[in-house]
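Asks: In case you want the letters, here they are:
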Amino acid sequence: MLAAYVQGIGVLGPGLADWAACAAALRVPGSYHRTGTMIPALAVLPAAERRRAGRVVRVALAVGAEAVAHARADARCLPSVFTSSGGDGDNCHALCETLAGTERLISPTRFHNSVHNAAAGYWGIAYGCTQPCTALCAHDASFGAGLIEALSQLAGGAQAVLLVSYDLDYPPPLRAHRAIGDACAVALLLRSAAAAATATGPRLRVDFTDAPATALTDGALESLRLEIPAARALPLLGVLAGGSGGHAVLDYLEDMRLDVHVDAGAAGEAAP
Amino acid sequence: MTALLLMHYTATSGLGRGCAATLAALEAGRSALQPCRFGTAQLDTQVAQIEGLSQVRLPAPLQAYDCRNNRLAQLALEQDGFDARVRDRAGHWGARRVGVFIGTSTSGILQTEIAYRRRDARTGALPPGFDYQHTHNAFSVTDFVRRRLDLAGPAVTVCTACSSSAKVFPAAQRMISAGLIDAAVVGGVDSLCLTTLYGFHSLQLTAPGPCRPFDAGRDGLSIGEAAAFVLLERSPDSADAADILLLGAGESSDAHHMSSPHPDGRGAASAMQAALTAAGTAPEAVDYINLHGTGTPGNDSAESRAVGALFGSSTPCSSTKGATGHTLAAAGALEAVISALALRTGLMPGGLHTRQLDPSLPLNYLLDNRHARIERVLSNSFGFGGANCALLLARAD
Chain E
393 MLAAYVQGIG VLGPGLADWA ACAAALRVPG SYHRTGTMIP ALAVLPAAER RRAGRVVRVA
453 LAVGAEAVAH ARADARCLPS VFTSSGGDGD NCHALCETLA GTERLISPTR FHNSVHNAAA
513 GYWGIAYGCT QPCTALCAHD ASFGAGLIEA LSQLAGGAQA VLLVSYDLDY PPPLRAHRAI
573 GDACAVALLL RSAAAAATAT GPRLRVDFTD APATALTDGA LESLRLEIPA ARALPLLGVL
633 AGGSGGHAVL DYLEDMRLDV HVDAGAAGEA AP
Chain Z
8 MTALLLMHYT ATSGLGRGCA ATLAALEAGR SALQPCRFGT AQLDTQVAQI EGLSQVRLPA
68 PLQAYDCRNN RLAQLALEQD GFDARVRDRA GHWGARRVGV FIGTSTSGIL QTEIAYRRRD
128 ARTGALPPGF DYQHTHNAFS VTDFVRRRLD LAGPAVTVCT ACSSSAKVFP AAQRMISAGL
188 IDAAVVGGVD SLCLTTLYGF HSLQLTAPGP CRPFDAGRDG LSIGEAAAFV LLERSPDSAD
248 AADILLLGAG ESSDAHHMSS PHPDGRGAAS AMQAALTAAG TAPEAVDYIN LHGTGTPGND
308 SAESRAVGAL FGSSTPCSST KGATGHTLAA AGALEAVISA LALRTGLMPG GLHTRQLDPS
368 LPLNYLLDNR HARIERVLSN SFGFGGANCA LLLARAD
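Protein chains in written order, with the working numbering: chain E, 393 to 664; chain Z, 8 to 404.
Among the hints, a few may not be true.
[As the list claims (entries may be wrong)] Chain Z stretches covered by chain E per the calculated footprint, using a threshold of three residues with CB under 8 Å from any CB of chain E:
1) 75-86
2) 108-121
3) 135-141
4) 148-159
5) 165-179
6) 200-209
7) 262-275
[What the hints assert, rightly or not] Selected chain Z positions facing chain E (Cβ under 10 Å, derived; list incomplete):
8) G186
9) G224
10) C396
For the record, the hints were derived by calculation from the structure and aren't laboratory data.
Note that beta-carbon positions come from the ideal geometry of N, C-alpha and C, so glycine has one too.
Next up, chain Z with everything else stripped away, as it sits in the complex:
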């Protein structure tokens, strides 16, 4: 496939606002997970919540979009000069030649959850001021980002649960390749809400303590919230040493079950293989794998089989969800940014909270931070409904 340049990127999660804060937290081995005190939720679980979202204000003309998810998008766009860089490139290409592709699973559904608690006692109507289109609808965040950045190109929300913001990368790549656009703002934005907290709890997939990916005693995931954005353009002929490229992306479907992965990781393996093929990269050339690694017994076991089948047991790998929580539809973009930071600085983050590696998952799972020059990173994202996506990122030099 056409290699793309990560022209600029930023991430905001429980670890902090922007790339420097994210990197510092990863270097320090700090986890954002805390006992859940989100809203009216009463659940015995931990979450990685972003502080200060209630103080974020959207620009006056975009007030209709006001909800936790779009405040998170707004906060993240302001970090690392991302907003200014996009405006600069849109000035170069023309606003209509820049597409917007955002992954979210629950968008602003928190507004609807709150509205359902305030229904008219007689008629059942939702309270005045409730705005379905600009908060609840899955397109709300993409529409908000497009307007916030004054872009005028094609726009779409990718909504494949926890692989959403990985799949925005190949979606943008195809449109750039087809010549419809010259640049794309891709990303993921997912914020805490009762639907996902109580939903994963109903499936008995949330851990009571912090998630422990690849631990023999792992007992579920911990939910987090995040927004991450990447500005993609066609890779120039001569790249800078500091440049990070998207070399390949691979997608597949499990065709197995709505909420459990195929036990052998069949779909996961074919997505990773497709990413390697698209990038023209051999498995041995991958220096680090940022695993999906949710900490549920089923995911980690299936993913381990898939990784083992393709890469054997020596490639260093880890899940960063012990630090960030599982940020659901934002995880793909967040972990793509973490992968870019790994390529730039040589940091392979050790997985947090994992005490006793599961001997039945024979991968080279890092428990401590490791530093080395790394040239290629694979990042995995798998979602409900069996929607899988793997991204292959590389240093340009």
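Bound-form chain E, shown alone:
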């Protein structure tokens, strides 16, 4: 059994500008309208890094920053877990195209941006954060894998951990083989359940289960959940948006899912 307090939430996705918009959509089934993900500009990075950072970095940093601001935390002090099913598809496509040509003159910036931990690296540079940082991938199970890693870090003694789960659409021709339609990201700032005296907000308890994942009643949100790995977090976000606690089963591996119980915090602080 793993546990944590949720102290900050960040969301960005198709028709979901931030956590407030996401919570509103989750609270009123039928109210969600899917539009293209609006990716905000980066403000935090030094100019040189800002020029080199692709969409994937802007998406991951946007939700990370929202969760940190929501919790009024200091980004420099937070260990972080970045998790993504595919990283930077635009960059991967450009590299493969160049390598298929005759010259093969690939850009050094494209190469260092091709590492799966690029967003994690830019996060550290942006905030001057020297705390441990990891970057994970578990294909469609990437959100669940990130959540378990973050909770394990708290169980191992970390006071707080920032979880950032993000996925971007691939351009053609890879898009035909990995049908992620748009960018989507979810960040949770989780604080140790052992720090109960100071921690506030909803409390999560997470365990493995064989039960099927919780489906969303809103058809468009349910489609989003099934299409983008980071959106597999939506049933949990739905409980958090409700503000009164509850229970959700999240998709994880094909043969294993995550059972999440939420005990509402005083006045449901994590709800906007």
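Got chain E; can you put chain Z on it based on the hints?
Replies: Just chain Z, lined up with the frame of chain E:
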């Protein structure tokens, strides 16, 4: 932290298949580096390539996973009876109580590189049979290992470039400590592909000849491929004399630059310090350091400053990348296995290809093999994006 027992381990690299071949090559001072003749690559560099991967066959039900990286994983799992030992322990604990944590950087992207050369001239589509999920995706190798070993516990790929398969050790340790699992298969698998060969070349980080870590004239790294696996369990109260333990792991971020380490080795030093603290070990108690030692001017200089600041200049150390090449995301696990072999046999491998030690790197860098009883080894791994990890391994007796 909770000490873990390396219940079993194996490594396959350019040096050979399995622990005995690896150890024999290290004892003989043999390097696997050869002029690059990999695929269609035309680069003036050397690589440590594993022969015979084209003959490796995956089990029939797992054919969808067929690619160079998973063939390498398959080949490595068959060495040293690793497969059988994992099955034995999974029988003891239950398949669901054994996690899988694998580090890779490029997974099966070679398949995608090849597919991009065979796109439909009219539509640009990739050729039929291309399978993104089971080859290209970074989770492919972890999923393959989990299915190949019939395990059913939690699984994840750690993908922090060249520190990936060092960071799988603390990731597994945390989950064992939290009681979610009883055992873990950790490891690293990274295979040659054009992305890394041309990528490191574009950054002017590949040496034309074999890499020469800590040499005054060092001029870059040499890429290799490898797979290494370790079966970890909680350390028993009474250990065997031959047992090797993971006493501590330390992680940090540079927060400096995407492809260059902090010049003073700030992140490297804090990762090493964190590993010592987690293990409750003083720097003087470390008998040998297996350096990250890539042979790039920047890495070796930053690492030397970090090691010097913590350990002074007397602790014997070396890089084994002159023998194995830099196996990128497999380096952490490969060098953890080399460190375990060092603890077991007393071999501190001398660094190969280094002719003239750089006087500005004042460490006790071994140029020849040394034999002595060693009780504690530190192994360093640092990656792009400033992701650092150090492991502290020790004899149990």
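Asks: Next step is simple, just say for each hint if it's right about the structure.
Replies: Results for each hint:
no.	hint	result
1	75-86	violated (count 0)
2	108-121	holds (count 4)
3	135-141	holds (count 4)
4	148-159	holds (count 3)
5	165-179	holds (count 6)
6	200-209	holds (count 6)
7	262-275	holds (count 7)
8	G186	8 Å, holds
9	G224	23 Å, violated
10	C396	8 Å, holds
When the structure is compared with the earlier hints, violations turn up for hints 1 and 9 and for no others.
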